[in-house]
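In order, the protein sequences belong to chains A and B. Each residue of the first sequence is one higher than the one before, starting from 1 at the first, in my numbering. Each residue of the second sequence is one higher than the one before, starting from 1 at the first, in my numbering.
A hint or two may mislead.
A few chain A residues that face chain B, going by a derived Cβ cut-off under 10 Å, partial list only [what the hints assert, rightly or not]:
| # | residue |
| --- | --- |
| 1 | Gly63 |
| 2 | Phe90 |
| 3 | Arg97 |
| 4 | Gly99 |
Heads up, simulated SDA-like pairs for lysine to any residue below, C-alpha to C-alpha not over 20 Å straight-line [said to hold, decoys possible]:
| # | chain 1 | residue 1 | chain 2 | residue 2 |
| --- | --- | --- | --- | --- |
| 5 | B | Lys96 | A | Arg96 |
| 6 | A | Lys9 | B | Lys96 |
| 7 | A | Lys9 | B | Lys53 |
| 8 | B | Lys96 | A | Arg44 |
| 9 | B | Lys1 | B | Ser82 |
| 10 | B | Lys55 | B | Asn94 |
| 11 | B | Lys96 | A | Pro61 |
| 12 | B | Lys96 | A | Tyr64 |
| 13 | B | Lys96 | A | Glu30 |
| 14 | B | Lys68 | B | Tyr25 |
| 15 | A | Lys14 | A | Asp73 |
| 16 | B | Lys96 | A | Met41 |
| 17 | B | Lys1 | A | Pro61 |
Since the hints were derived computationally from the structure, they do not count as laboratory data. Here the structure is a predicted model, which means the values were calculated and not measured. Beta carbons are placed, not taken as given, at the ideal position from N, Cα and C, and that holds for glycine.
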Amino acid sequence: NAGVTQTPKFQVLKTGQSMTLQCAQDMNHEYMSWYRQDPGMGLRLIHYSVGAGITDQGEVPNGYNVSRSTTEDFPLRLLSAAPSQTSVYFCASSYRRAGNTIYFGEGSWLTVV
Amino acid sequence: KNEVEQSPQNLTAQEGEFITINCSYSVGISALHWLQQHPGGGIVSLFMLSSGKKKHGRLIATINIQEKHSSLHITASHPRDSAVYICALPNFGNEKLTFGTGTRLTIIP
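Throw the hints in and build the complete structure from the sequences for me.
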């Protein structure tokens, strides 16, 4: 099993550009989520999904879009990148909701200049 | 929203020492996660527990649901234990996680 795979690992964007962070899991997990991690702030939930076709907002959803067309994939789209979106992004999944063991991807380091 | 407090924020100890990291929260929960993040690295789940105590190797996690408090203990600490330790709590519907800001542990040889 590959677990949770995130790409790219590093990315530099210019303000106003759009991009997609990819996340895939091969564990048939229903629950997938995206977090951002900023110094001194801890991890914060951006969007989550409890199954294919179902997504919902987390704590900091503005400027981000998600979709869940398959169980395996949960891409995160930055619509128009801003310097405030410079952060480390983590995708995670678990079998059923957040009350089960959580598996994280390796992280994506994003810099917006 | 569940308020999560971890203590201490930073902890430096000598190799071999017994380590305790604490996590307190404000709203009753069904389970609590302990996570480990090495510098520049990914995040690994250490424990998920809903009551009592769990042990894995030199790591022990306990939770007191009534007191809304959990602890992570490391016995015979080693420099490879140097990492940030994070507690995380699901909300009532288990749809969202709230994270502590983490405890940065440094073990000196």
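Here is how each hint holds up against the structure:
1. Gly63: violated (19 Å)
2. Phe90: holds (6 Å)
3. Arg97: It holds, given that the least Cβ distance between arginine 97/A and chain B is near 4 Å, below 10 Å.
4. Gly99: holds (4 Å)
5. Lys96/B / Arg96/A: holds (12 Å)
6. Lys9/A / Lys96/B: Status violated; Cα separation ~24 Å.
7. Lys9/A / Lys53/B: Given that 20 Å is the threshold and the Cα spacing comes to 36 Å, the pair is violated.
8. Lys96/B / Arg44/A: holds (10 Å)
9. Lys1/B / Ser82/B: violated (30 Å)
10. Lys55/B / Asn94/B: Cα-Cα ~24 Å, so violated.
11. Lys96/B / Pro61/A: holds (13 Å)
12. Lys96/B / Tyr64/A: This hinted pair holds, its Cα atoms lying about 17 Å apart.
13. Lys96/B / Glu30/A: holds (14 Å)
14. Lys68/B / Tyr25/B: Since the Cα atoms of lysine 68/B and tyrosine 25/B sit roughly 6 Å apart, the hinted pair holds (cutoff 20 Å).
15. Lys14/A / Asp73/A: Given pair lysine 14/A, aspartate 73/A is violated - Cα atoms ~26 Å apart, limit 20 Å.
16. Lys96/B / Met41/A: Answer holds: lysine 96/B to methionine 41/A is near 17 Å, not above 20 Å.
17. Lys1/B / Pro61/A: This hinted pair holds, its Cα atoms lying about 16 Å apart.
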